[in-house]
Amino acid sequence: MGYGKYIAIRLLNALLVLALVTLLVSVLFTKVAEEDIKSSIHEQIGLYLRGNPELARALSQDPEKYHEWYQKEYERRLKAYGLDKPFMIRVLERTKDTLMLNFGNTKSPIFGETAVSKIISKAIPRTVILFTTAQIFVILIGLLLGVKAAQMAGSILDRGVSIVAMVTSSIPMWWFGMIMILIFSFKMGWFPSGGMTSTPPKEGFAYYLDVLYHMVLPVTTIVFVLFGGWAWTTRNIMIGTMQEDFIMAARAKGVPERKVIYGHALRASAPPIVTMTIFSLLGSIGGAIITESVFNWPGMGRLYWTALQQNETRLLMGVTFVTVALYLIAMIIADLAYGYLDPRVKVGASQST
Amino acid sequence: MRWVDVKASLKDFWFEFRRQKGGLFGLALLFLLIFTALAAPYITEPDIPKKWTQYWEGNPVTVPPVWYNYFTTKKLAPHEVLTANDLRITADGQDIGGGMKYYSFEFTYENNYDVPPSDIIIRNIGVKLADLTTPAQIVVTMIRPDGNKIELLNTELREGSIYQLAKDGKVKAAVFQWASQFENPETIAEGGETLKNTMDTMKVIFAKAQEGILTNPEALKGTYTFQVEIFTFTEGDQVDLSTTQIILSGRTYGLMGTDYKARDLWAGLVWGTRVSLTVGVTVAVLTVLIGIFYGVTSAYLGGWKDEFMQRVNEFWASIPTLPILILLGAAFKGHVSLWTIVFLMVAFYWTGIAKVARSMALQIKEQTYVEAAIALGAGTGRIIFKHIMPQIMPYAFAAMALNVPGAVLTEASLSFLGLGDPTAVTWGQILYDAQTQSATINGYWWWVIPPGLAITLVAFTFVLIGISLDRVLNPRLKRL
Chain E
1 MGYGKYIAIR
11 LLNALLVLAL
21 VTLLVSVLFT
31 KVAEEDIKSS
41 IHEQIGLYLR
51 GNPELARALS
61 QDPEKYHEWY
71 QKEYERRLKA
81 YGLDKPFMIR
91 VLERTKDTLM
101 LNFGNTKSPI
111 FGETAVSKII
121 SKAIPRTVIL
131 FTTAQIFVIL
141 IGLLLGVKAA
151 QMAGSILDRG
161 VSIVAMVTSS
171 IPMWWFGMIM
181 ILIFSFKMGW
191 FPSGGMTSTP
201 PKEGFAYYLD
211 VLYHMVLPVT
221 TIVFVLFGGW
231 AWTTRNIMIG
241 TMQEDFIMAA
251 RAKGVPERKV
261 IYGHALRASA
271 PPIVTMTIFS
281 LLGSIGGAII
291 TESVFNWPGM
301 GRLYWTALQQ
311 NETRLLMGVT
321 FVTVALYLIA
331 MIIADLAYGY
341 LDPRVKVGAS
351 QST
Chain Z
1 MRWVDVKASL
11 KDFWFEFRRQ
21 KGGLFGLALL
31 FLLIFTALAA
41 PYITEPDIPK
51 KWTQYWEGNP
61 VTVPPVWYNY
71 FTTKKLAPHE
81 VLTANDLRIT
91 ADGQDIGGGM
101 KYYSFEFTYE
111 NNYDVPPSDI
121 IIRNIGVKLA
131 DLTTPAQIVV
141 TMIRPDGNKI
151 ELLNTELREG
161 SIYQLAKDGK
171 VKAAVFQWAS
181 QFENPETIAE
191 GGETLKNTMD
201 TMKVIFAKAQ
211 EGILTNPEAL
221 KGTYTFQVEI
231 FTFTEGDQVD
241 LSTTQIILSG
251 RTYGLMGTDY
261 KARDLWAGLV
271 WGTRVSLTVG
281 VTVAVLTVLI
291 GIFYGVTSAY
301 LGGWKDEFMQ
311 RVNEFWASIP
321 TLPILILLGA
331 AFKGHVSLWT
341 IVFLMVAFYW
351 TGIAKVARSM
361 ALQIKEQTYV
371 EAAIALGAGT
381 GRIIFKHIMP
391 QIMPYAFAAM
401 ALNVPGAVLT
411 EASLSFLGLG
421 DPTAVTWGQI
431 LYDAQTQSAT
441 INGYWWWVIP
451 PGLAITLVAF
461 TFVLIGISLD
471 RVLNPRLKRL
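Those protein sequence lines, which keep their order, are chains E and Z.
One point on numbering: in full-length UniProt numbering, the residue at position 20 of the first sequence is 20, and numbering is uninterrupted.
One point on numbering: in full-length UniProt numbering, the residue at position 171 of the second sequence is 171, and numbering is uninterrupted.
One should not assume that every hint holds.
Unchecked claim - According to the in silico footprint, chain E covers these stretches of chain Z (three or more CB under 8 Å from chain E):
#1 143-157
#2 315-328
#3 426-437
#4 442-453
#5 459-468
Think of the hints as simulated: they come from the structure by calculation, not from any bench.
All residues carry an ideal CB built from backbone N, CA and C; glycine is no exception.
Please model the complete structure; the sequences and the hints are all you need to start from.
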């Protein structure tokens with residue numbers, strides 16, 4: 001099967017997933033939004049009556065007339081919100097809007113904006129800054145430690161890496177963040193307890209230093225929780241590769257050990273490690289959702305928290321859509337990279353686990 | 001498989017597993033956790049889940065555990081509840097003429113702490129008034145170790161009255177007046193009304209009678225006696241002291257302290273084990289069973305059916321789990337039952353195992369003895385359950401153990417977001433409360449550290465067991 005066709009099928013699959021997930025989510029949220037709007041309509045009519053005491057007095061004398069008026073007013077407003085259309089039509093409209101990136105507006109401003117798409121486009125770069133930085137550290141430390149551990153299989157370092165990997169992968173990342181804040185922010189007072197900048201934000205170069213300063217605690221948290229698992233997986237892959245015949249051949253030829261490890265073994269282990277890189281980035285999006293809200297970092301994760309707390313269904317829907325889309329894009333990139341690095345891969349052998 | 005074979009293979013397995021130190025340690029931890037979960041009603045109280053959503057009246061709010069005293073130089077008073085048995089009744093309904101009766105009792109408090117109790121609460125005095133418009137009278141006097149006497153309270157007593165001495169304005173006024181005689185008059189003149197309002201009543205009555213008693217009270221250690229006198233004025237009034245409770249509200253409480261609803265966090269920690277273990281194990285077992293069934297079926301059917309099932313699997317696997325779970329939780333408006341959470345996690349987690357099970361089944365299917373069995377006319381069910389399943393089962397056990405941590409962490413994460421089951425006591429919810437009440441910024445470490453450690457411990461236990469099982473049962477990993 002050709003590479004082009006492979007790409008096309010992956011893309012199609014991703015688009016289908018995105019559309020179906022959006023549809024499913026739309027069903028849920030059309031239902032939720034309907035109830036929200038209905039109760040808000042009752043409130044609005046009550047407010048309107050209070051604002052027109054004459055009308056209220058006229059209506060209060062005749063309960064039948066009042067009932068009739070109320071019903072008419074209710075239906076008028078229902079129609080204004082488009083709730084008179086059948087459920088499925090509304091679901092499909094919402095799905096279409098979401099797929100076209102028309103997420104609508106929030107009830108109250110977040111990050112100084114009410115348009116959901118604007119809020120999200122402010123949040124994404126902030127998340128990327130934090131997690132790319134952290135992930136670079138994780139990959140560097142993990143790779144170095146993993147290779148060293150594989151080289152000295154059975155040594156104290158090797159066992160240490162295994163134990164650290166087991167312990168850190170059991171820790172909830174967001175809880176570790178809370179502990180970091182407790183120690184380094186509350187007890188020691190070394191670092192700020194949250195946010196991306198000081199309030200008010202600094203100007204010029206000091207602004208960037210300030211952001212870096214605010215990044216120290218969250219980055220440390222992410223690196224601490226993730227590097228062990230990374231080192232351990234790298235070690236396992238490397239040990240597998242180092243038992244292959246071509247490594248023995250290289251050694252027999254008298255190739256220096258350094259070159260055997262970094263030139264031959266690491267290169268042969270590259271495909272799974274590259275996919276792991278991409279998937280650990282994906283995984284960190286999942287962990288990040290909550291870690292960000294702990295550190296009050298104004299990115300995608302904090303948006304989730306805010307949306308949940310303030311019951312902003314449109315924002316919730318928008319953030320989920322974008323997260324799913326990003327996830328799918330990353331998955332395609334991972335698949336393509338894998339297919340490129342290891343030509344044996346065919347469609348169907350996707351590395352989704 | 002015959003019973004003897006099962007026994008023999010179990011014996012073999014145990015022989016191998018025994019050599020895995022981590023696995024044995026994990027097993028010990030697992031037994032400890034199961035014991036805690038089962039014994040939760042006996043270790044704490046049986047009605048904790050029902051009480052958990054309410055405010056725990058009578059307990060101090062956000063105080064550290066009792067053992068915190070070992071690590072601080074300033075010793076904090078623990079929480080104490082005195083009942084009728086701890087009271088010394090000195091007069092029980094003496095007739096003092098005119099239809100009036102006199103009751104009185106005493107209790108003592110040994111103050112060995114640098115920070116005294118935060119409040120003294122007197123409640124549940126069984127008063128029955130014949131005439132509700134004529135309340136009884138209560139007088140509370142404190143006799144300090146230095147011989148000083150303070151009349152703290154002199155007020156009316158009605159049915160169901162509760163006296164919180166630290167919060168009572170009259171007590172405050174009385175204490176301020178008493179303490180003023182020791183304080184430097186200039187300080188009082190300067191401080192005035194603010195000094196009175198900011199004064200910590202309890203710290204002052206347990207302080208040394210010296211200059212600075214109002215501005216910087218220094219604890220006076222020793223035995224304090226409290227006299228409570230009750231006068232009734234109408235014939236037929238009844239006072240029953242046997243239900244009386246005196247609460248010396250602590251600056252520390254129990255084994256793990258309390259949270260903002262004055263709940264005993266130790267009880268929450270112990271009960272949380274149940275949810276964590278149940279959710280973790282149920283999700284792991286169900287996902288693995290479903291995954292293996294799906295994978296083996298797919299491999300066995302082969303051809304276009306296999307192809308179709310694999311496409312469905314991949315499609316399902318490419319849905320990111322956490323955002324969808326969050327959305328679903330939000331759609332249910334935070335009233336997701338534990339079983340819904342379990343169901344949702346199972347629905348999303350089986351795909352990976354199905355993939356591995358399929359590849360294993362494909363290999364086994366090609367082996368000669370399976371071909372021989374088919375040639376001999378063995379039925380589909382027989383081949384799947386006699387030949388394929390037993391070979392996949394070891395993998396299944398390891399996969400189950402390795403799947404528990406993910407489920408435990410996900411459940412905790414959902415609860416932390418406020419999407420958990422509100423009727424269940426879970427560690428994630430304790431941490432959610434801690435986060436919404438800014439526990440980290442206020443330094444309430446006892447509210448933040450233990451629940452997270454507990455989550456980590458459960459996840460770690462199953463990682464240990466899973467990795468050891470994997471090493472024993474999947475020999476291809478042994479060489480690593």
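Original post:
Which of the numbered hints are not met once you compare them with the structure shown?
Top reply: 1
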